[in-house]
Structure formats: C-alpha cells, structure tokens
Amino acid sequence: MHRRCVAQVAPAAIAALVVMSFVGLGGCRRAPTDAATTDTTDLAPGSVRDEIGRVVTPRALPARRVVSLAPNITELMFAVGAGAQLVGVDKYSDQPAPEVDRLPRVGSNYEPSLERIAGLAPDLVFLSKSANKRETAEALERMGIPTFLTETPGLAEMGRTLRDVGRLTGHLAEAERELARMEAGFAAVRERTRALPHPRVLVAVWTQPLYVGGRGTFAHDLIELAGGENVAREVEGFVTFPMERLLHLAPEVIILPTHAPETGAAPAVAAWKRWPTLPAVRDGRVFAVEDSLISRPGARLVQGAELLAHLIHPELSPAGDRDVEQIR
Amino acid sequence: MSPPPSRRRFAWVVGALSACLVGAWAVAAAVGVEGVDWGAALRAGTADHAIVVEARLGRALLASVVGAALGVAGVAYQTLVRNPLGDPYVLGVSSGAAVGAVVAIAFAGAAGTSLVGCAFAGALGTMALVYRLGRVRGRLVPAVALLAGVVLNALSWAMILTIATLARMGTTAEILVWLMGSLGPPRWSSLGLGAAAVVAGVVALAALAPRLNALVLGDEGAHSVGIDVPRTRKLLLVLASLLTGVGVALAGPIGFVGIIVPHVLRLVVGTVHRLMIPAAALGGALFLTLADTLTRLAFLPLGAEPPVSVLTALLGGPFFLVLLWRRRGERLF
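Top line first, the protein sequences correspond to chains A and B. Take the first sequence: its letters are residues 1 to 328, numbered as in my numbering. Take the second sequence: its letters are residues 1001 to 1333, numbered as in my numbering.
Just so you know, these hints were derived from the structure itself, not from any lab. Because the structure is a prediction, the values reported are computed rather than measured. C-beta atoms are modelled at their ideal positions from N, C-alpha and C, and glycine is treated no differently. There could be a bad hint or two in this list.
Unchecked claim - Label pairs and their in silico Cβ distance ranges:
no., chain 1, residue 1, chain 2, residue 2, range
1, B, Leu-1300, A, Gly-46, 51 to 57 angstroms
2, B, Pro-1318, A, Ala-187, 34 to 40 angstroms
3, A, Ala-180, B, Gly-1039, 35 to 41 angstroms
4, A, Glu-234, B, Trp-1325, 39 to 45 angstroms
5, A, Gly-185, B, Ala-1108, 37 to 43 angstroms
6, B, Val-1027, A, Glu-191, 20 to 26 angstroms
Claimed, not checked - To be clear about the criterion: a stretch of chain A counts as covered by chain B if any three or more of its residues have a C-beta under 8 angstroms from a C-beta of chain B, and this derived list gives those stretches:
no., stretch
7, 70-82
8, 200-210
9, 232-240
10, 268-277
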C-alpha cells in the first residue's frame, strides 16, 4: 500500500499522520532514488548532490551551523561527533537525551517555523524524505537556506545517510567508524540468533483498529535479523489487518512499538489479554518496546535489534526491562 | 398527518426488519477473510471460536448498537430541525461529541465512562447551540440551524486538531486513530453499557412518538393539538444527543447513517414516528452491520481494512446529493 508520509490538516490525511507518528518519523519506505549521491565530479566546488539527486550548495563546507528537521538525523549528528554543530532541531528530536534538550526547537517536522530556522542562520538544514515535506525544503531554498534531503528507506541505506551526514559536517572518519560499529552490531545479533528456532512475531503499532508492521518497515527488517519470522509479511508498510487472520497466524511474540513504554504502556499490553488463544498472550510474551529503537533510522537501531533478539529468544539472556513493558 | 399505523403493519415492519438483522448477524459471523473450522469454532478456547464470537459477532453487535443509535438520532434531528437533511454528522453534533471524546482521551486516559460522558456532553452542548442559534424571533428556521451546524462542525474540528497538536505524540496518534471512526471487537462490558443506553434512548423516543408527529406540523400546529412544544423539543434534543454521544463514544465519528436509514425507511413505512423510531433503530443496526461486514471483506482486494466511516461516507455522500437533487423543486429550507 502506498503511503504518503506528509501530514496535512485534513481528515483524509489523518491516516498518514497516524502512521508517521508511529514509525518514529522515518520509517516510510519507497524504492531509493537512483542518484549517484556521493558523486560530485560534475558539480561546482562547494556543491554536493543530496540523496534524492538535488544539487545543494551549503553556505560553508563543512557546515558549522546545522539545523536538523528529523529525529533520526539529530541522532546521527551526535553519533558522528557533530552534535556541537547543531543550532536547532525539530520538536520530535528526543535523542540523545539530555544533550538534545538544550537545543532550540524549530517546530514540528511537517510544519516547522521557517522564520525561526532563518533566524538561526544555518549553513545547512537536514531533512528526511519520510519525515518532512518536500515543500519545506523548497521554501527554505527560496529563502536562501541550503537544504539536504536524506532518504533512508531501509537498513541498506543507513550507510549512505550516515556518510552524508559525516561528510557534510566534516566528520567522515567518525561516520565510517560509527557505520562499522553498527554493521558489527547487526552481524553479532544475526550470528547469535541464526541457528535458533525462529518464532512467529507480530509488530502491532495499534491494537484497535489493528495496525501491523509488514514488509518494508525497519521493525520487519530487525525482526528477521533478530531470528524471528514476521507473521504480517504478506502486507507492506504499516496497515490495518484483520483480527481473524491474526488469530489463525497465532504469533508467539507480540511487539508493541510505544512512545516511552515505561510510562503508561500497561493498558496497551493488557488489552491483548482478551485474545487468550494467541500463544504470545498465553505465554506472557507481549512486549511494549520503545518505538524509536526499532523504527527510526538513527544511531540506536543496533540497540533495538539486540532488544528484539532478547525478547524473541529468552534463552539468550534476560532482556533489560528499561525499554520494555511486559504483559502480566 | 398520516393515520396511526395498524397493529398489523407495525408487527410486520418490525418483524421483517428484526429478521433481516438476525440474518445480517448470521452473515457477519459466517463470512470473513479467513476460512473457519466450524467444528473447532463450537469449542470455547480455540482460535476459530475467538474468530467467530469475538472478531466477527462481537463486532457485528457493536455495529448494530452504533447503527441503531445513529439511525434514530437522525430521525430525531430531522424532526427537531424540521428538515430532511438533519443528521448528527451534518448538524455538527457528531463533531461536538468528538470534541468531548478527544478531551476525555487527552486528559482522562479514555476510560469507558468518561469517554461516553464527555461525548454526550459535547453532543448536547453542540445541539443546544445549533438549536438556539436556529431560532429566529421565537421560531426555528431550519436553514439557520443547518448553517449553524456547519459552522460548529468547523469549530469543533479546529478544537480537536488543536488538542491533537498539543498532546504528547502517543496521545496524538490515539486521537487521530479514533477520529477515523472504525469498529473493532468491543469490550463486552462497554458494549453492554452502550446497548443499555441506546435501548433506553430509543424506548424513550418511541414513547414520545405521538408528540413528535405533532411537531412535524410546526410550532403553532403542535401547540394547537395540545403539545407542550418547548418541553418536547428539549426532551428530543437531550435524547438525540444521548444517542449520538453513545454512538460516537463507541466507534468514533461515523457519518451519514442518520441520513440514509430514515430516508430509505420513509419510502417503506411512511412518516409516522411510532413506526419510524423502532424501524430506524433496526434499520440503522442492519445498515451498519452490513457496511462493517463489507469493510472486513475489503481487506481481500485492498490488502488493508478501511475504517467503516469510509464506506458509510462513500454510500451516504452520493445519497445525500441525490436527495438534494430530487427535492430541488421543493422548499427544503
């Protein structure tokens, strides 16, 4: 199912907004644009091509004053050691805490305050294709503010985005190190779970109506990586799903991506108790998990993969309960 | 005024609609996207039993309660504003109820009772405003009431979106999902509570039926046959808002049931309220049960289940326009 990831103030777009707010503002999946994003040979000095193929000329290279309009970019900026160059972030950028809390806010992803951004005099504004509107980038360009659009539809594109953030901020070496760390982390999770039996796993972003995570979501990729089998792999993206089919698919583990599960996820978890025929419910394996760990293409995806591996395979070791609310 | 319906006609209409409703429940329990092992379905504790009883029948019963509430509310509002376009959705009452419900979700954690209570308060407040604004020099002018409803609708949406914008991210999502208006397997306790409230509201309105017939004549006409017009209107307003509030609290705002159902039924059963009110309750239940069953099946071609409000609007929108077109010669307003 094709999803628009841009929210508008109209009932017809509400679904898009809901989905967007539940995928950590960055999980929208489309085929990546075939642009040679790192190839700058045909460009004037000081210009680069962004991840959707636009030519961008930052006011300074490396950019010293940067605004991030997407939570995953904010995370990656800190991960490559460029956090000190951030002069403003969107209101959903919540990681890494508490460092990010000190930064000026420029509004929501889908309707940021352009004049506040202009007032911060950035050399470059980072946007994400799935979390921001193309119109925002165009408006900023018209105001003379250079914008770089990232596109990170899956794990495969993480490296590209990480390198671009590093290169444009003068931290390419750190970006390469961070990328190596992430790849090693994913490989370790895959290695530990590969030989184990693969239980059936459901990702339910909403319970009533039932919204599940299908193919083409980060949660799906991480589950498969962590030695699980996504029961909803017949559908694509985050979509509504028939309860009766789920009852037959009988998931053994249910993951509920939740914002701040340590505060108030209990009702969402308890709501599943009404389906006692599901093995996951019967065995107490319904878990609320911090959403941004498993659906935001940021610096903590490895942490998310490790958490899922522990939840899917309790035989590995007990999972830390900091990011989890379990059914009782 | 039409003559009162004969006992036989009443029994025939109510009996036929009831039989259709039971048939619709049977269809709803029988069909779905999954094949069911009926031997297993008879044994509690199996997945097939849960599919038939919870995922299908429970949901059909919820659709029936909500459909009955909205269908009868439509009849009541059409009588109250003396206009065939009266509908909880059109008059802004559903949105008013939604404001109440959204306040409950954002500030009270959406517990069952507070949700119903707040939705009822929102519906009642909005309809009282619509009614008050629609009165010009002591007389209700339907066009003014409908316009007031349109404006209050917009105001309500502005309030809802403001609350959604200011709320925490998780709460925002909860509000927006709820606003899509959909039916799911209900909690049996809230279904029972909702059903009791709807039955009470429908019975009370049915008891008012003779007075409602008189109201159709207009204030002077009703007064001349000995009806206490202001009191009757107030009762009508409260009962219709109760029904709307319960319906919206259970399923979110679902439009056009209050338009389609009464108008189709009027073609069959006429305009006498003693018959119209039970018929609209059964017809509303039937309509929404069938619409929701179609919604469930829509997963097969679409790969996702649309909210039932989409289906009622797709059916109801054109119906509303046809109604306007066919009545273009008459004085609608």
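Which numbered hints turn out to be false for this structure?
2, 3, 6 and 7
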